[in-house]
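*Asks:* 113 is the number that the UniProt record's numbering gives the last residue of the sequence shown; the numbers go up by one with no jumps.
Take the hints with a grain of salt, since some may be wrong.
[To be verified] Pairwise CB distance ranges, derived in the manner of DEER restraints:
#, residue 1, residue 2, range
1, D27, R62, 18 to 24 Å
2, G54, S110, 38 to 44 Å
3, T22, G54, 19 to 25 Å
Honestly, the hints are just simulated from the structure, not real lab data.
A quick note: this is a predicted structure, and the numbers were derived from the prediction, not measured.
Beta carbons are placed, not taken as given, at the ideal position from N, Cα and C, and that holds for glycine.
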Amino acid sequence: MANHEPSAQGNVCVVCGADPVTYQWSDRSGEAMCTQCGTPYQLKWGSETQETEGAYPYLLLRDEWVPVVKRYYEETGAFAGLGTMLGEPAPGYRTFFAWVDTQYPDGVQSADG
């Protein structure tokens, strides 16, 4: 279970504020999602850089998406299902991106343009 990983202990979700955050595994090795909002985190077996740093968990959202996912969660309270899934996406994934399309018709802009 994802919640038994040492890196899963005592964390706060950056999106929904769950404290402590609880996790469910996605289909990507070492990746889990917050069970409350669906934000993905790498709990183990990350990139070479992550393995060297060893500062798990790593948030798996680009910086420009954090306020978007926060806003979605604040407005809807819904699970976004943003973890990696094989086949069908996680519950909430399609609903989240339909919401993004209506709220951000010009797309989500990166910090560097």
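*Asks:* That 38 to 44 Å hint for G54 and S110 (C-beta), does it hold up?
*Replies:* violated (28 Å)
*Asks:* For the pair D27 and R62, does the Cβ-Cβ distance stay inside 18 to 24 Å?
*Replies:* holds (20 Å)
*Asks:* Are T22 and G54 spaced within 19 to 25 Å by their CB atoms?
*Replies:* Holds, since T22 and G54 (Cβ atoms, about 22 Å apart) stay within the stated range.
Figure legend: structure checked against the earlier numbered hints; the only hint not met is number 2.
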